[in-house]
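Engineer: These are the residues of each chain, in order.
Protein chains: 2
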Amino acid sequence: MKIVLDCYGGDNSPLAMIQGAADALAECPDLELILTGNEAEIKAELAKLQFSDEKRLEIVHAPEVITNDDVPTDAIRQKRESSMVKAFEIAKERQDVVGMVTVGSTGAALTGGTLKLGRIRGIRRPALAPVLPTVKGGWVCLIDCGANVDCKPEFLEQFALMGSSYMRAIYGMENPRVALVSNGVEDKKGNELVHAAFPLLAALPINFVGNMEAREALSGEYDVLVCDGFVGNVLLKSVEGSIGALMKLLKGALKSNFRSKMGGLLIKPALKKMMKSLGYGEWAAAAFLGCNKLLAKAHGNADAKQIKIGLMQVKAMAEGQLTERITAEMEKL
Amino acid sequence: MKIVLDCYGGDNSPLAMIQGAADALAECPDLELILTGNEAEIKAELAKLQFSDEKRLEIVHAPEVITNDDVPTDAIRQKRESSMVKAFEIAKERQDVVGMVTVGSTGAALTGGTLKLGRIRGIRRPALAPVLPTVKGGWVCLIDCGANVDCKPEFLEQFALMGSSYMRAIYGMENPRVALVSNGVEDKKGNELVHAAFPLLAALPINFVGNMEAREALSGEYDVLVCDGFVGNVLLKSVEGSIGALMKLLKGALKSNFRSKMGGLLIKPALKKMMKSLGYGEWAAAAFLGCNKLLAKAHGNADAKQIKIGLMQVKAMAEGQLTERITAEMEKL
Chain S
1 MKIVLDCYGG DNSPLAMIQG AADALAECPD LELILTGNEA EIKAELAKLQ
51 FSDEKRLEIV HAPEVITNDD VPTDAIRQKR ESSMVKAFEI AKERQDVVGM
101 VTVGSTGAAL TGGTLKLGRI RGIRRPALAP VLPTVKGGWV CLIDCGANVD
151 CKPEFLEQFA LMGSSYMRAI YGMENPRVAL VSNGVEDKKG NELVHAAFPL
201 LAALPINFVG NMEAREALSG EYDVLVCDGF VGNVLLKSVE GSIGALMKLL
251 KGALKSNFRS KMGGLLIKPA LKKMMKSLGY GEWAAAAFLG CNKLLAKAHG
301 NADAKQIKIG LMQVKAMAEG QLTERITAEM EKL
Chain X
1 MKIVLDCYGG DNSPLAMIQG AADALAECPD LELILTGNEA EIKAELAKLQ
51 FSDEKRLEIV HAPEVITNDD VPTDAIRQKR ESSMVKAFEI AKERQDVVGM
101 VTVGSTGAAL TGGTLKLGRI RGIRRPALAP VLPTVKGGWV CLIDCGANVD
151 CKPEFLEQFA LMGSSYMRAI YGMENPRVAL VSNGVEDKKG NELVHAAFPL
201 LAALPINFVG NMEAREALSG EYDVLVCDGF VGNVLLKSVE GSIGALMKLL
251 KGALKSNFRS KMGGLLIKPA LKKMMKSLGY GEWAAAAFLG CNKLLAKAHG
301 NADAKQIKIG LMQVKAMAEG QLTERITAEM EKL
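Listed in order, the protein sequences are those of chains S and X.
In terms of our numbering, the numbers along the first sequence are unbroken and rise by one, the last being 333.
In terms of our numbering, the numbers along the second sequence are unbroken and rise by one, the last being 333.
Honestly, I wouldn't trust all of these hints.
A short list of chain S residues far from chain X (calculated; beta carbon distances all over 12 Å) [as the list claims (entries may be wrong)]:
id	residue
1	Glu-45
2	Ala-47
3	Thr-67
4	Arg-77
5	Arg-80
6	Glu-81
7	Arg-94
8	Arg-177
9	Leu-193
10	His-195
11	Leu-246
12	Lys-248
13	Ala-253
14	Met-274
Listed next, the in silico BS3-like pairs over lysine-lysine satisfying Cα-Cα at most 25 Å (straight line) [unchecked claim]:
id	chain 1	residue 1	chain 2	residue 2
15	X	Lys-251	X	Lys-273
16	S	Lys-273	X	Lys-272
17	S	Lys-251	X	Lys-276
18	X	Lys-273	S	Lys-255
19	S	Lys-55	S	Lys-305
20	X	Lys-272	S	Lys-272
21	X	Lys-251	S	Lys-261
22	S	Lys-272	X	Lys-79
23	X	Lys-248	S	Lys-261
24	X	Lys-55	X	Lys-43
25	S	Lys-255	X	Lys-55
26	S	Lys-136	S	Lys-273
27	S	Lys-251	X	Lys-251
28	S	Lys-272	X	Lys-55
29	S	Lys-248	X	Lys-92
30	S	Lys-48	S	Lys-251
31	X	Lys-332	X	Lys-305
32	X	Lys-43	S	Lys-136
33	X	Lys-55	S	Lys-251
34	S	Lys-261	X	Lys-79
35	X	Lys-79	S	Lys-188
36	X	Lys-55	S	Lys-273
37	X	Lys-261	X	Lys-273
38	S	Lys-55	S	Lys-79
39	X	Lys-248	S	Lys-248
40	X	Lys-136	S	Lys-251
Don't read these hints as lab results, they were simulated from the structure.
Cβ coordinates follow ideal geometry from the N, Cα and C atoms, glycine included.
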């Protein structure tokens, strides 16, 4: 199985990508990678790692880098020698490549996904779908999380279908519980968009469980949360912000006096374990669902471990035949 | 100063309301209250409390109760003998009454506010505005938080104006920092509604600081967060849900082994203090801004302390001349 890795545009580029690539190759004997970026730099780093499995790793030279300051559409159209555009072109053109991983600008990645990889037949808008940890130790998919800020009801219908296929493909869930993010659980709750989308989701061949409240996002009672990209963005960032705020307050509280400091030392291992369970451990990258080839967008500050996980994630999506599933679902519609 | 208190429709009705009323009267010598609800029950409870300051407390008999199962508009129109409708009528008709507090059905309270109290001249939609604690120990107002799920840009313009007036009135803030909830801080970020509202807010005589991300909701960098009621509801519930989820995980972690249990005992006081700082301590009720009389909606499960705070909150709004401020701002527009 062949995957492209865009090695530039991240905070830890290209070191983390190269280390992550080497680790993924070591772990998966059936994996082959194509790295895009500055060839000399990549080769030098590989030499430092004493990497020798060169048959399974190809480097495609791409001297330019797309940054967060670039206007996404301009960058994708004009920076033809960038590591991201090269990665998109390889993913699109080479039959044997299943997909790609990038840490670069989210805007450029989404634009490139749509323009370069193309949409699966019938898909109106590809959508960004991160997977969040739940308090029950499971995972929940949030779709869309920012790619499409203004949505038509039909977009949400397709998000529901793609999100359900995604959780089936990567977690082997038989019947993911799909819910619409709303301002209450009752069927009548919602804004105009939710009201219009509700009957469309209810008519899909998925396990649609109705409206849900953002309060329950991490409860583990749902497997796929469907919303427009604006609401998804607010939900995700509210969750991240609140957890960050509470941890900050907790750290302050644990330093407030001698007694608390002692207590803090004692609970440190348990606290660390808890935070780990809340981290973006498994499937750290957000999948951009609905394109003709698989695309995973890792955090801009992803480290080698997260890159390795991103590559495994694309591999899992390919093995779960995600694109084929979504294509088949769209044909049935 | 005279305030009406709807004594029914809450989880702890009417006991918590009666105790809260007595406490508020004891604390504020210039306060007078009108309680609506079952007169015999209220009198019996007052007798148990050995309440004697009867000159400052009037009871208006109202045998019916509006529940969460009632359809709000129907309930407000048809349950004319309910404690909530009676409270609305007293607040509207009596010149010397500045406003009211209710713990009853949110839907009925908002409907009643708009239909019974009437809107301030020029206000298109009254809005629900809870105040949340920030990590810096301050407070931030979220407006609208669920009253208006589908909004026009002009509604958001008025929410900004009302939110700013509110924070000036109750906290004496000179120049509250007002931001639009968006999917990024850049001016260009946002959905169609945010794009259209941005120039309207920028033209207001308020301290509009641009777009903000939900991640920063509790950061203390903003004083008023403006959004439609659907997004506000998702934001608030995401925050509440995340904090709840993390506390649940934390409790589990503190019980996971002997070492953590010991640590947990040591940090308990600091943890309690921290949670208290995050609680809805000051101004626990959500103000429903934009009506001709002041209206505070307390949590359905409010206890006596929160009822007392709700009454003080309406008092603070009246002393801060909130209605007059909003009226003046609207006339200037």
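Engineer: I'd like to know which numbered hints this structure contradicts. Please list them from smallest to largest.
Structural biologist: 9, 10, 11, 12, 13, 14, 22, 25, 28, 29, 30, 31, 32, 33, 34, 36 and 38
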